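Chemist: Chains as they are written, first to last, in the numbering used here: chain A, 1 to 579; chain B, 580 to 664.
There may be inaccurate statements among the hints.
Unchecked claim - Taking lysine to aspartate or glutamate and the EDC-like style, the derived pairs with C-alpha atoms no more than 16 Å apart in a straight line are:
| no. | chain 1 | residue 1 | chain 2 | residue 2 |
| --- | --- | --- | --- | --- |
| 1 | A | Lys-2 | B | Glu-635 |
| 2 | A | Lys-226 | A | Asp-351 |
| 3 | A | Lys-491 | A | Glu-525 |
| 4 | A | Lys-448 | A | Asp-534 |
| 5 | A | Lys-2 | B | Glu-634 |
| 6 | A | Lys-439 | A | Asp-385 |
Said to hold, decoys possible - Rough simulated footprint, nothing fancy, chain B against chain A, three-plus residues with beta-carbon under 8 Å:
| no. | stretch |
| --- | --- |
| 7 | 165–171 |
| 8 | 189–201 |
Just so you know, the hints here were simulated from the structure itself, not pulled from any lab data. Everything numeric in this text was worked out from a predicted model, so none of it was measured. Ideal placement from N, C-alpha and C gives every residue a C-beta, glycine not left out.
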Amino acid sequence: MKLIDALAVIRRPLPKDAPLLRVSLACGFTPLHLQTFLAAALRERPPLERIEVTTGLFGDLAGNIENIQPAACDVLVAIIEWQDLDLRLGVRNLGGWRVAQLPDIVKSARRMLVRLEKAILTAAASLPTYISLPTLPLPPLFTTPSQQASACELELRQAVSSFAASLATQSRLRILSASHLDEISPPSNRFDLQSELSAGFPYGLSHASAVAELLASLIRNSSAKKGLITDLDDTLWSGILGENGVDGISWHLDQKAPIHGLYQQFLASLASAGILTAVASKNDTALVQQAFERDDLLIDKQSLYPIDVHWGPKSESVRRILKTWNVAADSVVFIDDSPMELAEVKAVFPDMECLVFPKTDYQAFWQLLRRLRDTFGKTIVSEEDSIRLESIRAAAALHNSSNGEGTSPDSFLQDVQANVTISFGKEKEDHRAFELVNKTNQFNLNGKRLTESSWMAYLNDPATFVMTVSYDDKYGALGKIAVLLGRMQGKAAAIDSWVMSCRAFSRRIEHQCLSWLFENFSLQEITFAYQPTDRNKPLQDFLASMTTTPLSSDVRVSRADFSEKCPPLFHQAKATVNA
Amino acid sequence: MHNPEHKQNLEHRLVRCFSSVFPDLDEEQIRSASIESVPGWHSLASVTLISVVQEEFGVQVSLTDLPNLVSFSAVQNYVRHHIAS
Chain A
1 MKLIDALAVI
11 RRPLPKDAPL
21 LRVSLACGFT
31 PLHLQTFLAA
41 ALRERPPLER
51 IEVTTGLFGD
61 LAGNIENIQP
71 AACDVLVAII
81 EWQDLDLRLG
91 VRNLGGWRVA
101 QLPDIVKSAR
111 RMLVRLEKAI
121 LTAAASLPTY
131 ISLPTLPLPP
141 LFTTPSQQAS
151 ACELELRQAV
161 SSFAASLATQ
171 SRLRILSASH
181 LDEISPPSNR
191 FDLQSELSAG
201 FPYGLSHASA
211 VAELLASLIR
221 NSSAKKGLIT
231 DLDDTLWSGI
241 LGENGVDGIS
251 WHLDQKAPIH
261 GLYQQFLASL
271 ASAGILTAVA
281 SKNDTALVQQ
291 AFERDDLLID
301 KQSLYPIDVH
311 WGPKSESVRR
321 ILKTWNVAAD
331 SVVFIDDSPM
341 ELAEVKAVFP
351 DMECLVFPKT
361 DYQAFWQLLR
371 RLRDTFGKTI
381 VSEEDSIRLE
391 SIRAAAALHN
401 SSNGEGTSPD
411 SFLQDVQANV
421 TISFGKEKED
431 HRAFELVNKT
441 NQFNLNGKRL
451 TESSWMAYLN
461 DPATFVMTVS
471 YDDKYGALGK
481 IAVLLGRMQG
491 KAAAIDSWVM
501 SCRAFSRRIE
511 HQCLSWLFEN
521 FSLQEITFAY
531 QPTDRNKPLQ
541 DFLASMTTTP
551 LSSDVRVSRA
561 DFSEKCPPLF
571 HQAKATVNA
Chain B
580 MHNPEHKQNL
590 EHRLVRCFSS
600 VFPDLDEEQI
610 RSASIESVPG
620 WHSLASVTLI
630 SVVQEEFGVQ
640 VSLTDLPNLV
650 SFSAVQNYVR
660 HHIAS
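Bound conformation, chain A alone:
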């Protein structure tokens, strides 16, 4: 973005009721155009918010972070440059670059990193925090020629890397990727000496814009897609199974098919991080089964579910897979080597991202992997991610069992040995609860999404509660599948948000949630901040079944109504209540 465009963006009118996002930009230099670019980049990304970027004192990065008032801002952005670690690593202070001084520069930089780490961790306990590590070139203070790294330089870089690696383990901290920044902002164009000396702003405009864009994309953090459906022939492997046979298909370097091996390895990586992976292939079922018996496959057959193989249109497979996963088409990527198959699926599912597998173009293949990593990238891999596919299999097994002839829903549910584990309290590190609130569509009280900062504000509000629900039965564990956010008001509870994963439907877990609240807190009434959305029909149906009045924005369920309408519950309910 050019500066002139950024200035225009931040002056664009906003609706009067647009919410406010307060960003505290901590840096040691004059924030100048970085402040403008950051506000503009945030304005350009949904949700539509008024952006207020506040800054601190010149030359005191650590102090600016230490003085953050968590109640006065929603997000902290800390920009670290070399001169913040030791002024002699900048150009505005003439403290000396003599050989004898270099060890002391390294030593004082290490000391400053310790101080910064402490300040950042303190701030991150209350605020979503985003860090940009030094992006500018070090000044030419080392004795070695520029093509040779000096020991002091390497020590400095090692100190910063250790500092960053330590911070990156914290769930509420995000570190801007230096390698990504390298791609969009060439290091040699970043430093503007004249601007630094005249205005105290060391960034060239294009670099300031690039840093701001990356920070804004981290802060907005659009949600990752949920599943990938892949073709088999000339995609998961090289060759046509029906023509080449089970032993004729290949994916190894010595068979000149290495990109298919890399693709398998990549899909296995996605699956291990909880991304759903399935197969849609026009093929012979028996042959496909044999192919998946090959022990040199780099992706486990168990990681691919469902494997939908037949000779009909691929869109039929895709439809079945989406139904099994219970996810929407816009959350899924379909990959096939055939443009015709991609077009057929796209015609039926226009919201689905359909990507060609470039089997002969290695560079395009590499770009595809990078694009997929961005599409499915997630900050944290949770316990639920590791059991997601298993729980979908379990749901399918449960569904098949419950459809058995002569089995009533009650007798079936009685037989599944279900356990519901409720946790009532606030865990700031519970990323799964935050993820559920922001990803769930169908059983969702009002469709409201929370930014990381509003989630933390909710947790910090003493009047609110967070209730999370985990589930398992004899078919397997579903993990944490429901979240209720609300407030106790005497003998009533007001529910602000309620989501439940679609994997947990048909088990009466939603009934158990309310039953536990009524009983545990002797409630007489529960109210719900309900809003209909395009996709929350399951929630609407449930609420309608619990009340005698039509659904409005303020749904009330009384204890008497609930007792009358709640079906029998067979779960073993365990609960942990934290203050």
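With chain A's structure known, arrange chain B on it following the hints.
Modeler: Just chain B, lined up with the frame of chain A:
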């Protein structure tokens, strides 16, 4: 740069630059703007304006020239001269 069309085009682009920094000024006020006549033309606005102009026209304003760029016409002359050279 003596081409009237170029001159007009340059002037139009420069008005746009000024307008991005001083959005409350209309086109006529911009053409006659100076550091004395525009209340919001303080040091931060100067730095922003010069940065926008440098980016728009691909010119580098030296530190020694900076204090002289205190009106629309001064900036216009500077840009015209440096593009031509």
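Chemist: Take a quick look at whether Lys-2 (chain A) and Glu-634 (chain B) sit within 16 Å of each other, Cα to Cα.
Modeler: holds, 8 Å
Chemist: Per the coverage rule (Cβ-Cβ under 8 Å, at least three residues), is the stretch 189–201 of chain A covered by chain B?
Modeler: Coverage by chain B holds for the stretch 189–201 of chain A (6 residues, Cβ < 8 Å).
Chemist: Given the proposed pairing of Lys-491 (chain A) with Glu-525 (chain A), does the C-alpha separation stay at or below 16 Å?
Modeler: The hint holds at about 7 Å.
Chemist: Counting residues of the stretch 165–171 of chain A with a beta carbon closer than 8 Å to any beta carbon of chain B, are there 3 or more?
Modeler: As far as the stretch 165–171 of chain A goes, the hint is violated, because 0 residues have Cβ atoms under 8 Å from chain B.
Chemist: Does the alpha-carbon distance linking Lys-2 (chain A) and Glu-635 (chain B) stay inside the 16 Å limit?
Modeler: Cα-Cα ~8 Å, so holds.
Chemist: Could you grab the alpha-carbon distance between Lys-448 (chain A) and Asp-534 (chain A) and see if it respects the 16 Å cut-off?
Modeler: holds, 12 Å
Chemist: Just to be careful, I want the Cα atoms of Lys-226 (chain A) and Asp-351 (chain A) compared with a cutoff of 16 Å; is the pair within it?
Modeler: At roughly 14 Å apart (the allowed maximum being 16 Å), Asp-351 (chain A) and Lys-226 (chain A) satisfy the hint.
Chemist: With the threshold set at 16 Å, check whether the alpha-carbon distance from Lys-439 (chain A) to Asp-385 (chain A) stays at or below it.
Modeler: It holds: about 13 Å lies between the C-alpha atoms, which stays within 16 Å.
The structure is inconsistent with hint 7 alone, although it conforms to all the rest.
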